[in-house]
Amino acid sequence: MKAVLMCLLMMGTAFGESGWQPLWQPKENTPGYDAAAPAEYKLDAERTTSIHMPAYSLYLPEGRPGKPMPAVCIFPGGAYCILALDLEGSELAGWLNKQGIAAIVVKYRVSSDPKHPERFPRQLMDARRAIRTVRSHAKEWNIDPDKIGVIGFSAGGHLAALATTWTGPLEGETDDAIDKISPAVNFGMFIYPVISMGRPYTHSSLKGLFPQQYVQGEGMARVSPDRQVTEQTPPLFVVQSADDFVSPLNSLDIVRAAQEKGVPVEYHLYRTGGHGYGVRLQNKPTDAWPQAAEQWLKQFKPEN
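Just so you know, the sequence shown maps onto residues 4 to 307 in our numbering.
Keep in mind the hints are simulated off the structure, nothing from the lab. We treat Cβ as the ideally placed atom computed from N, Cα and C, and that holds for glycine. One should not assume that every hint holds.
For each label pair, taking beta carbons as the anchor points, the in silico distance ranges come out as [said to hold, decoys possible]:
#: 1; residue 1: G220; residue 2: S21; range: 33 to 43 Å
#: 2; residue 1: E49; residue 2: D246; range: 20 to 30 Å
#: 3; residue 1: A245; residue 2: Y36; range: 37 to 47 Å
#: 4; residue 1: K70; residue 2: G265; range: 28 to 38 Å
#: 5; residue 1: G220; residue 2: G175; range: 15 to 25 Å
#: 6; residue 1: A48; residue 2: L252; range: 24 to 34 Å
Derived lysine-lysine pairs resembling DSSO-like cross-links, with alpha carbons at most 27 Å apart [claimed, not checked]:
#: 7; residue 1: K118; residue 2: K210
#: 8; residue 1: K304; residue 2: K101
#: 9; residue 1: K264; residue 2: K304
Take these sequences, add in the hints, and give me the full structure.
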């Protein structure tokens with residue numbers, strides 16, 4: 004905890020962290036609610052698992068600007084089994100707050116327990132609910148409802164890409180007031196993402212996540228974000244390193260799809276850097292990606 008607080012101080016102190024707020028209230032209204040599911044727990048300082056109650060934590064920057072600001076929903080990675088809530092969550096919130104951008108860390112459902120699995124589309128429900136929640140509070144939080152983006156890491160990059168490219172309804176969503184709000188994303192940022200299904204290099208984090216109807220034919224294409232890019236897909240920012248154990252062909256797939264559809268995309272492929280670094284410095288070429296992202300994000304910030 005001390006290390007996280009120090010990191011936030013270095014990056015820019017958050018104006019206020021809301022603590023974890025449930026995405027659905029009461030909790031029994033959560034689609035797929037399992038009263039018998041075990042409580043979440045930390046495997047170690049970096050990894051939390053057994054997340055069955057989706058939630059969000061809001062971070063607002065110090066000295067809020069007069070004009071409505073952009074907001075970013077953050078989806079940490081963890082192979083859809085755990086979440087790196089500090090490395091790829093709260094630390095990213097501090098980085099975004101320093102730029103005058105509201106940040107929302109999303110604790111979406113993950114599990115490695117076969118007795119209480121969390122299978123697709125629950126994660127996408129959580130992501131879309133988080134985006135809708137931000138849009139529903141836009142006036143209260145001084146957020147521009149037309150400048151809500153997502154950023155995701157590893158498997159969270161796959162979720163962010165799905166949230167960015169998914170069109171139409173999603174089976175199982177509720178019809179309450181929040182779920183009637185648009186879940187549209189205005190920009191997407193995918194950092195060392197898992198993207199593709201059905202390729203020789205499909206990463207193991209996607210295996211076992213999807214019910215049978217999503218692992219072949221049209222269902223497989225539906226959960227491969229690169230195959231869902233259209234001319235209406237918003238601007239994208241993509242980062243990966245050539246030595247990543249998640250094949251860089253994943254990020255190339257969605258970059259190529261964006262170029263084919265005329266979608267603005269900025270792509271950074273670094274010689275070395277590996278995987279799972281967030282915004283932490285490791286004396287490798289990937290240390291440069293946050294600065295590149297800061298420049299890219301300026302297009303969504305209000306003019307002074």
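Quick check: which numbered hints come out false for this structure?
The structure breaks none of the hints.
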